Amino acid sequence: MKSIKFILAGIVFGIVMTKSEAVSWFRIQEMFRFQSFHMYGIIGTAVILGVLSVLVIKKLKLKDMSGAPIQFKDKDKAYKKYIVGGIIFGLGWALTGACPGPMFVNLGNGYPTLIIVIMGALLGTYLYGVFQKKLPH
Amino acid sequence: MVEFIKQPWPWYFSGIMIVIIMLVLIFFGKSFGFSSNLRTICSMAGAGKRVKFFDFDWKAQIWNLLFLLGSIIGGYLATHYLSDPKPVALSVQTQNDLHKLGIQFNGKLNPDELFSLTALENPKTILLLLLGGILVGFGSRYAGGCTSGHAISGLSNLQLPSLIAVIGFFIGGLIMTFLLFPLIF
Chain V
1 MKSIKFILAG IVFGIVMTKS EAVSWFRIQE MFRFQSFHMY GIIGTAVILG VLSVLVIKKL
61 KLKDMSGAPI QFKDKDKAYK KYIVGGIIFG LGWALTGACP GPMFVNLGNG YPTLIIVIMG
121 ALLGTYLYGV FQKKLPH
Chain W
1 MVEFIKQPWP WYFSGIMIVI IMLVLIFFGK SFGFSSNLRT ICSMAGAGKR VKFFDFDWKA
61 QIWNLLFLLG SIIGGYLATH YLSDPKPVAL SVQTQNDLHK LGIQFNGKLN PDELFSLTAL
121 ENPKTILLLL LGGILVGFGS RYAGGCTSGH AISGLSNLQL PSLIAVIGFF IGGLIMTFLL
181 FPLIF
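Protein chains in written order, with my numbering: chain V, 1 to 137; chain W, 1 to 185.
Think of the hints as simulated: they come from the structure by calculation, not from any bench.
Just so it is clear, the structure is predicted and the values come from calculations on it, not from any experiment.
Treat each hint with caution, since some may be false.
[Unchecked claim] Here are some of the chain V residues that sit facing chain W, going by a computed Cβ distance under 10 angstroms:
1. Ile-7
2. Val-12
3. Trp-25
4. Ile-28
5. His-38
6. Ala-46
7. Leu-60
8. Lys-61
9. Lys-75
10. Ala-78
11. Leu-114
12. Ile-116
13. His-137
[Unchecked claim] Simulated crosslink set (EDC-like; lysine to aspartate or glutamate; CA at most 20 angstroms straight-line):
14. V:Lys-134 with W:Asp-55
15. W:Lys-100 with W:Glu-113
16. W:Lys-30 with V:Asp-76
17. V:Lys-61 with V:Asp-76
18. W:Lys-30 with W:Asp-57
19. V:Lys-133 with V:Asp-76
20. W:Lys-30 with V:Asp-64
21. W:Lys-108 with W:Asp-84
22. V:Lys-2 with V:Asp-74
23. W:Lys-30 with V:Asp-74
24. V:Lys-133 with W:Asp-55
25. V:Lys-5 with V:Asp-76
26. V:Lys-134 with V:Asp-74
27. V:Lys-59 with V:Asp-74
28. V:Lys-2 with W:Glu-113
The C-beta atom is built at its ideal place from N, Cα and C for all residues, glycine as well.
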């Protein structure tokens, strides 16, 4: 059961990504062209409810299933890495229509060609590791 | 019930479900961030021997790889058992804009010009998919997260760095869509 719950959560995630059409290259193009509210509605709803949920968790000092207090890690205070890394990510997101989750979900959706995108993403991650020290952060 | 699930889900329902997934992972004592898996897979493949960035206890991340495995199964289930054959309700404007670039809307999730097996006969397609993947992988690690880690988890926790990253995602996406697509396609 320890591991099965993560597989189950992943299954729900894969279903949600597919049924919301957030895995669709076409939908991502529509979003970047500002031609539909669809993707903004999904992300906007998630963010507003997410902010409220995190506030409630902090306010009520809720605990996770192991009984440990739920803690939220702050992101490093930096600027360059978020904007430069973000732009590089965005270029790839628009080109492939896939962020890391949907790459894998689309494999299940019957698009074996996503393997090439995944191989690229692994290579890109590896290259970041190699050049990390030389990049401005 | 099944008929209801088979329809495309409205945006608000999808948004709610994404938050529920984030909250379930938090309840499990974890956090929602998908791109970490790419780093974990590099470590599993032995990259930690050469590059310090990958020298960490990847076994602590197995839960996220299980989540990844589930997401592939979920995609399969959604497509094969929970979908109706109606085309994606893509905006007509988007269809027209893409048509001008030589990409036809096929009613499915992804265009044949980039993602069908026959499209791979053109080496340019392979190059584009590989390059796009490299940008996503490199960029998400450089920015310390992707759509799930920054746009959902980070913004939910009111993290300014995540907002900067999401603005970056959009700058990159707009450059690709409006400046580079006309040159590429």
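Now for the hints, and whether the structure bears them out:
| no. | hint | result |
| --- | --- | --- |
| 1 | Ile-7 | holds, 4 angstroms |
| 2 | Val-12 | holds, 6 angstroms |
| 3 | Trp-25 | holds, 4 angstroms |
| 4 | Ile-28 | holds, 8 angstroms |
| 5 | His-38 | holds, 5 angstroms |
| 6 | Ala-46 | holds, 4 angstroms |
| 7 | Leu-60 | violated, 13 angstroms |
| 8 | Lys-61 | violated, 14 angstroms |
| 9 | Lys-75 | holds, 4 angstroms |
| 10 | Ala-78 | holds, 7 angstroms |
| 11 | Leu-114 | holds, 7 angstroms |
| 12 | Ile-116 | holds, 4 angstroms |
| 13 | His-137 | holds, 8 angstroms |
| 14 | V:Lys-134 with W:Asp-55 | holds, 18 angstroms |
| 15 | W:Lys-100 with W:Glu-113 | holds, 13 angstroms |
| 16 | W:Lys-30 with V:Asp-76 | holds, 19 angstroms |
| 17 | V:Lys-61 with V:Asp-76 | violated, 23 angstroms |
| 18 | W:Lys-30 with W:Asp-57 | holds, 16 angstroms |
| 19 | V:Lys-133 with V:Asp-76 | holds, 16 angstroms |
| 20 | W:Lys-30 with V:Asp-64 | holds, 9 angstroms |
| 21 | W:Lys-108 with W:Asp-84 | holds, 11 angstroms |
| 22 | V:Lys-2 with V:Asp-74 | violated, 27 angstroms |
| 23 | W:Lys-30 with V:Asp-74 | holds, 15 angstroms |
| 24 | V:Lys-133 with W:Asp-55 | holds, 15 angstroms |
| 25 | V:Lys-5 with V:Asp-76 | violated, 30 angstroms |
| 26 | V:Lys-134 with V:Asp-74 | violated, 24 angstroms |
| 27 | V:Lys-59 with V:Asp-74 | holds, 17 angstroms |
| 28 | V:Lys-2 with W:Glu-113 | violated, 42 angstroms |
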